[in-house]
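Knowing the structure of chain D, use the given hints to seat chain Z on it.
Keeping their order, the protein sequence lines are chains D and Z. First residue of the first sequence? That's 547 in the working numbering, and the numbers climb one at a time after it. First residue of the second sequence? That's 547 in the working numbering, and the numbers climb one at a time after it.
Treat the hints as calculated values from the structure; they're not laboratory data. Since we're looking at a predicted model, the values are computed, not measured. Treat the hints loosely; a few may be bogus.
Where chains are identical, the list cannot tell them apart; a pair therefore holds if satisfied intra-copy or between any two copies.
Unchecked claim - Straight-line C-alpha distance at most 30 Å; calculated BS3-like pairs for lysine-lysine: (1) 673 - 662; (2) 579 - 722; (3) 723 - 641; (4) 688 - 662; (5) 662 - 766; (6) 629 - 662; (7) 676 - 723; (8) 579 - 641; (9) 676 - 779; (10) 722 - 766; (11) 702 - 641; (12) 722 - 636.
There are 2 protein chains.
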Amino acid sequence: MRENGYSLILASTNNNHADERQCLEMMLNQGIKGLIVEPTKSNVYNPNLSYYSLFKQRNIPILSINAQYEELNLPYIAIDDIKSGHLATKYLIDKGHEDIALITKIDDNQGKLRMKGYFNAFENCNKVFKSEYIYTYDTESKLSVLDQFVEHVVSKQIQASAVVCYNDQIAYYIMKKLEKLGIAIPNDMSVVGEDNSVLSKLEDVDLTTTSHPQELLGEKAANWVLNTIETGKVQPSELLDTYIIERSSVK
Amino acid sequence: MRENGYSLILASTNNNHADERQCLEMMLNQGIKGLIVEPTKSNVYNPNLSYYSLFKQRNIPILSINAQYEELNLPYIAIDDIKSGHLATKYLIDKGHEDIALITKIDDNQGKLRMKGYFNAFENCNKVFKSEYIYTYDTESKLSVLDQFVEHVVSKQIQASAVVCYNDQIAYYIMKKLEKLGIAIPNDMSVVGEDNSVLSKLEDVDLTTTSHPQELLGEKAANWVLNTIETGKVQPSELLDTYIIERSSVK
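Just chain D, same shape as in the assembly (with noise of 0.2 Å):
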């Protein structure tokens, strides 16, 4: 970016919508050329959404990246969701598991996204997942819903044998509070998660889980910028290819 002549603004959201409004408003004073975003609970009704048509109204090039605000067509770039919760899920039932958990996040376009790759590699397999073992949750309800997961697996009110997280970081948690109450992973219990985050490669956790190329997110997002500013013309939205990469935690 430095190189093309512009500086980087970066504010954060902490996912919530009243801090979202603050950084758009800051932005749209400071008379910023371009805008990438990463959507605060973009499943549920964001009460900024006009901000956002504020700066395409003034064209300002504005891109979304990871997940998408499904009301307003906002070009994205984005992993492929469906695919990445499909590739976990898929991996489990080759594997041989035939009861196998998801803990998900549902306030995020994410989420959704995965749950449906979840669903999907169960269709293709033609079998049927069980409601019961799908934990959902949202920014405020994580850590209950995550320590509920744990206690129906330790009190054995689950019967399942593998689960699917949202993300490594979920998986990570799962993995640490399990393996404190003498549940073996992955003898005991197959985990996979999604993004190959840092937490995936501690020594302790070599956790199985799906790519999420960042930086080639990042770098292809900040050309997308730099482009559109340039050419003036809006490039066009991408989803990136997403692979299981294996490690140790299924068995």
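Just chain Z now, kept in the frame of chain D:
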């Protein structure tokens, strides 16, 4: 249906997941040949999705009407809800309204699509909607949100001269409340509904709304199921067109 040797079972979920589950279990146990479903709270996670998957696995034709569960790839027959929201909003813009409120349902897919249509209409006219003019409700908060809207209008907390309502029932409720409090329709407030229900045609109402070909939709849904059963081939999905019906609730 009867002509073709089939009988009809009708079940209502009261827009409630527990009731929906009971219906689905009952139908699976009775060995039904096909299912037409109007999804329950289609924009929040539905713990009964696995039941729908079970129908598919057992090769029982299943069609969703009106709303859709986006996570599953069920075939559907539905009104073009984006177009409906777009037409209702565009009609008001064309009449010269600038400050147009929206009251929409946020826990179903139709509400989200109609809102998308509202956004699109502003965008296509190169105008920006105002976040504070958008009122979203779910099944539980409906009445309190509607009353809040009425209060904001009466106390002049918002300056909207027109409102797009999720459906005619909402429009009817709003009109009656506003009129009782001295706000004249359409002189002080223009109102557009969506779905051309019986409520829109009452003598003292005469609501401008969008068409909703319910009978056609029902007929197409029945034919879809019959054809899918008899040909063994899943028939294609269909989006039905809609148009604006001008009456006298808009100035």
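Right, here's what the structure says about each hint:
1. 673 - 662: Classified as within: same-chain Cα gap 14 Å, cross-chain 35 Å, threshold 30 Å.
2. 579 - 722: neither (44 Å within a copy, 47 Å between copies)
3. 723 - 641: within (24 Å within a copy, 61 Å between copies)
4. 688 - 662: both (20 Å within a copy, 29 Å between copies)
5. 662 - 766: Classified as both: same-chain Cα gap 26 Å, cross-chain 27 Å, threshold 30 Å.
6. 629 - 662: both (9 Å within a copy, 26 Å between copies)
7. 676 - 723: Only inside one copy: residue 676 and residue 723 sit 23 Å apart there, 46 Å across copies, limit 30 Å.
8. 579 - 641: For residue 579 and residue 641, neither the intra-copy (49 Å) nor the inter-copy (34 Å) Cα distance is at most 30 Å.
9. 676 - 779: between (47 Å within a copy, 27 Å between copies)
10. 722 - 766: neither (35 Å within a copy, 53 Å between copies)
11. 702 - 641: Answer is within; shortest intra-copy Cα gap is 22 Å, inter-copy 63 Å.
12. 722 - 636: Within. Shortest intra-copy distance 24 Å satisfies the 30 Å Cα cut-off; inter-copy 54 Å does not.
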